[in-house]
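Peer 1: No gaps in the numbering here: position 73 of the sequence shown is 73 in full-length UniProt numbering, and each next residue is one more.
Hints are computed from structural coordinates only; laboratory data are not their basis. All C-beta atoms in this analysis are idealised placements derived from N, C-alpha and C, irrespective of residue type, glycine included. Treat the hints with care, since some could be wrong.
Calculated cross-link-like contacts (lysine-lysine; reagent style DSSO-like; alpha-carbon spacing at most 30 Å) [unchecked claim]:
{"id": "1", "residue 1": "K224", "residue 2": "K250"}
{"id": "2", "residue 1": "K545", "residue 2": "K593"}
{"id": "3", "residue 1": "K710", "residue 2": "K850"}
{"id": "4", "residue 1": "K657", "residue 2": "K401"}
Quick list of simulated restraints, FRET-style, between CB atoms [said to hold, decoys possible]:
{"id": "5", "residue 1": "L54", "residue 2": "Y218", "range": "19 to 29 Å"}
{"id": "6", "residue 1": "T722", "residue 2": "T846", "range": "51 to 61 Å"}
{"id": "7", "residue 1": "E623", "residue 2": "K545", "range": "29 to 39 Å"}
{"id": "8", "residue 1": "R536", "residue 2": "Y797", "range": "22 to 32 Å"}
{"id": "9", "residue 1": "S287", "residue 2": "W484", "range": "53 to 63 Å"}
{"id": "10", "residue 1": "N69", "residue 2": "K225", "range": "45 to 55 Å"}
{"id": "11", "residue 1": "G713", "residue 2": "L228", "range": "27 to 37 Å"}
{"id": "12", "residue 1": "W484", "residue 2": "F222", "range": "10 to 20 Å"}
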Amino acid sequence: MSEMEPELGLGIVTEVDKRVLSLLFKTSQCLRQYSVFNAPLKRIRFSPSDRIHLTNKTSLTVDSVSEQNQLYYYHGDGRVICETELSDTMVFNTPLDRLNAGISDSSQLFDLRYEALVARHRYLTSDVMGFTGARIDLIPHQFYIAQEVASRHTPRVMLADETGLGKTIEASLILNRMLLSDQIHRVLILVPHSLVHQWFVELYRRFHLTFRIIDEDYCDSFEKKEPLINPFVEDQLVLCHINDVVLNRKRAQQCIDAGWDMVVVDEAHHVDENSPAYSFLADPSFSDTALLLITATPEQLGIERHFAHLKLIDPVRYTTLENYLKESRDYAKIAESIEERIKNYNQKKNCDCSKNGDNISDQSIHAHKLQEINKLLDCYGPGRAVFRNTRASIKGFPQRKGFLYPIDETCRVDEFYGNILSETFPLSETLMFNNTLSVDNTLPVNNTLSVDNTLSVDNTLSVDNTLSVDGILQSRITEQRIQWLIDLIKKNPEEKFLLICHHPENVLEIFEALQQKITLDVALFHERMTLIQRDRNAAWFSHKKGARLMICSEIGSEGRNFQFASHLIMFDLPLNPELIEQRIGRLDRIGQKGNIMIHLPYAGNTAQEVLVRWYNEGTGIFEHYNSGILSVYEKFSSRLCDLFADFLPDALENLIKDTKVFSKKVMETLTKGKDKLLELNSFNPDAAKELIDTVHALDEDTCFDMFALKLFGYFGIQAEDTMKRSYRLHFTDPDNIDIPIPVLKKNGMEITFDRKIAVSRDDIEFITWDHPMVSGSMDMLFGSGAGNSCVAEVEGYGEFAIILEAIHVIECIAPVSLNLNRFLPSIPVRTVVSHEMKDVNRVFTTEFIKKHTCKDKVIGIGIGNDTTWINAFPEIKETLLPKMVETSREHAMKKASEIIKNAKQSVIERMGAEMARLKELKMKNPAIRDDEIIWTEKEKDRYLEYIAKASIRLDSLRLLKVQ
1 MSEMEPELGL
11 GIVTEVDKRV
21 LSLLFKTSQC
31 LRQYSVFNAP
41 LKRIRFSPSD
51 RIHLTNKTSL
61 TVDSVSEQNQ
71 LYYYHGDGRV
81 ICETELSDTM
91 VFNTPLDRLN
101 AGISDSSQLF
111 DLRYEALVAR
121 HRYLTSDVMG
131 FTGARIDLIP
141 HQFYIAQEVA
151 SRHTPRVMLA
161 DETGLGKTIE
171 ASLILNRMLL
181 SDQIHRVLIL
191 VPHSLVHQWF
201 VELYRRFHLT
211 FRIIDEDYCD
221 SFEKKEPLIN
231 PFVEDQLVLC
241 HINDVVLNRK
251 RAQQCIDAGW
261 DMVVVDEAHH
271 VDENSPAYSF
281 LADPSFSDTA
291 LLLITATPEQ
301 LGIERHFAHL
311 KLIDPVRYTT
321 LENYLKESRD
331 YAKIAESIEE
341 RIKNYNQKKN
351 CDCSKNGDNI
361 SDQSIHAHKL
371 QEINKLLDCY
381 GPGRAVFRNT
391 RASIKGFPQR
401 KGFLYPIDET
411 CRVDEFYGNI
421 LSETFPLSET
431 LMFNNTLSVD
441 NTLPVNNTLS
451 VDNTLSVDNT
461 LSVDNTLSVD
471 GILQSRITEQ
481 RIQWLIDLIK
491 KNPEEKFLLI
501 CHHPENVLEI
511 FEALQQKITL
521 DVALFHERMT
531 LIQRDRNAAW
541 FSHKKGARLM
551 ICSEIGSEGR
561 NFQFASHLIM
571 FDLPLNPELI
581 EQRIGRLDRI
591 GQKGNIMIHL
601 PYAGNTAQEV
611 LVRWYNEGTG
621 IFEHYNSGIL
631 SVYEKFSSRL
641 CDLFADFLPD
651 ALENLIKDTK
661 VFSKKVMETL
671 TKGKDKLLEL
681 NSFNPDAAKE
691 LIDTVHALDE
701 DTCFDMFALK
711 LFGYFGIQAE
721 DTMKRSYRLH
731 FTDPDNIDIP
741 IPVLKKNGME
751 ITFDRKIAVS
761 RDDIEFITWD
771 HPMVSGSMDM
781 LFGSGAGNSC
791 VAEVEGYGEF
801 AIILEAIHVI
811 ECIAPVSLNL
821 NRFLPSIPVR
831 TVVSHEMKDV
841 NRVFTTEFIK
851 KHTCKDKVIG
861 IGIGNDTTWI
871 NAFPEIKETL
881 LPKMVETSRE
891 HAMKKASEII
901 KNAKQSVIER
911 MGAEMARLKE
921 LKMKNPAIRD
931 DEIIWTEKEK
941 DRYLEYIAKA
951 SIRLDSLRLL
961 KVQ
């Protein structure tokens, strides 16, 4: 039995090796693996006179126990039963055994255990479980999407919010919610190579989710040690570069064979229908797997590719492109109709509120009208499969302002671009260009081009007429540029600047050049630094009195958010528009307080001027977000390339003019009909506000602070105040620090319960109900049996009495995938009976007992009470205590029956309403899958079946002498 998860029932050992022990919990349909060195498991052995239940639903009373081949055999009622025939749903009343043995914990520890049980119940029933612990600002649309998706059975959706709206956060919230609620266990995330680090850091820093990065080097190393084991099976949470998997047949098949509960694909718009990645994701093994496709540009590479992705999400719903286009033509009319209804609803609501105040009748009418509008949104459009919010619909974004600085560096045109001459500009995740220098580290002097794609010894620039692998229009670290940078910083003495250049070598060169000319606090951030070093430098930069300038390589544009700064310097300029948007997105995000100042130095009359002016004047990317930028780039890449090779001012003006016209047309196409309907269906402000208010209320609950610190204190962890709701944790006894609490560091750590501090300080742990230190500490408390038996004395009642306080827990052993916690989580039931077998629960409340427990008998939270008085009266343990325990159980059963009855009714009402809703929607919207309705009907029956089998388990006892 797992001491930390007794609700799983009895487990059977299925495998043991040198490191890991595997247990199968049959009824819970759950396989757990434990370290053989410190597994929190207890071997169950019954004693004579114990009543045991068997898998064939019979029972027997044990007369004797024998052992053969390391298995226990129970003799009784004329039968001999092997322990493998025991029912795995039995519960165990160990608190009474400890009490009879004279083992007593302190009253404070008993209270802490009960408080933890109540807290766990509230957490498991919370609508925001999995949403509280993220180190993020509370952005309504992100939480709305996360709740909508995570509440579905096997969600298969596309997250398509525009850049800067937080799709990675949305996906991570969904993962965290579904992982913590046991809806999923095995997750595979596939991303482009440049985003592997971003995802790993975001998941770990913000959500405490540690993913294993699996690449070819890892697989080779693993297979040398374990040649017969699939390398994708070893870890539950796996993160991969998508090409490492799909372009290697062996790895692709291993990955498929490993089995996953959810697959997440970032930058999904690069997945072409004819690509190996698409074939991999379309494998029948993934048909029942949850799927999240993430893209900010779902249609930029063509409606055909977008439809292919929808077909991947739901092949039954999306059958042919022709039908999809026909259906899409009606979206504009539907969106217009719904938008008009919403407008009328808001006007009527505002008018009535101003006249009548908060009239309950009016509120009911408005709620009904809003419900009708939401039903229309639910019935029509692609909103079930696609979530897309735009910057136009989500408020809170700053303005962008681009500043162009022509710098006279007296250099030739070809000195500012590498091997970028090309007839075509294919765009992929490797859209980067190589700019190799000659042997003396100088750029070429002449215009001679060689053909081997390298810079020759005689300083000639080569070209092979194809795009190479380093898509940055390079700039030399010249005297003029360094001086320009110094002047810019001096002109803005109170501002922080984020400077991004592509290569780590450039970072170091700029830093060294600045050191020679100016005294300035500069933080560096590049891939040659360790993760800890980068974290510390980012924290230093974020501090008000910290570094004024951070110089980043391209890794700083991947996932790190620096919205506390308003100035962005692009020392070099990517050709890839997505990379430009990614750089700007480090500052241009919801939560940015000021306008974004984008500083762009360039050499006049060069390729740099062509690219800077084309992006600035043609696409407007430095002034506003352009959702169609990828299509615009693909359209004009060839003409752009020609200008790189031959700078012609008139040709540049014509290119800019044509780009403006085409860009406007693309934007209009994307914002019509379907996109508008998607906006309406992707965000419900009222529902989002309710969710955010719930999270905010938990954030501000200082009672949780005290509970968590008390819980940590039991394990010998002392807290010292550092600032508002923040503490420094360290072990009271440095010689006893082998407590396996997740995340806790042996040399101590800083924590905070304040979200604002946590968001601004990556180096401080953010403690919430979702944090593994809290859940891990509670699991250890429950698994150890600490506080489950107590003997104490109470004064101030006025008459003598013997009182038994019993805490039972209602437990429903069921497959974890059912997530029955929604209806019947582990619920503590408190009963108090007197020696006269009367219910005295109302008199002897928890508060009363805390207040009147004899202080001279209390030694400490982890130290037991004096049990002398009970040992002086053996008849209490032999006769009175068993009767009181049985009476307490009877009272608990009555309460539990009512709770179980209410849980059944809740299932019938909620699941019945959901089935009715889905059937109604099915008649109007083919996006509703038949399997969703069938699943809902079957799940209702399964819920009721398992809830009916719920039982109570005695968790803890406190025997009180009252005088």
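Peer 1: For every hint, state whether the structure bears it out.
Peer 2: Right, here's what the structure says about each hint:
In summary, the hint linking K224 to K250 is supported, as the alpha carbons are separated by about 16 Å, within the 30 Å threshold. Between K545 and K593 the alpha-carbon distance is near 18 Å, which keeps this suggested pair within the 30 Å criterion. The hinted pair formed by K710 and K850 meets the criterion: a straight-line CA distance of about 15 Å does not exceed 30 Å. A hinted pair counts as satisfied when its Cα atoms are at most 30 Å apart, and K657 with K401 qualifies at roughly 20 Å.
In this structure the hint that L54 and Y218 lie 19 to 29 Å apart at CB is violated, the actual value being about 46 Å. In this structure, T722 and T846 break the distance hint of 51 to 61 Å, their C-beta atoms being roughly 32 Å apart. Evaluation of the 29 to 39 Å hint for E623 and K545 yields a pass: the beta carbon distance comes to about 32 Å. Between R536 and Y797 the beta carbon distance is about 58 Å. The supplied range of 22 to 32 Å is therefore violated.
In this structure, S287 and W484 meet the distance hint of 53 to 63 Å, their C-beta atoms being roughly 57 Å apart. For the pair N69 and K225, the beta carbons lie near 32 Å from each other, so the given range of 45 to 55 Å is not met. Hint check: G713 to L228, Cβ distance near 47 Å, so the stated range 27 to 37 Å is violated. Evaluation of the 10 to 20 Å hint for W484 and F222 yields a failure: the beta carbon distance comes to about 50 Å.
Checked against the numbered hints given earlier, this structure breaks hints 5, 6, 8, 10, 11, 12; the rest are met.
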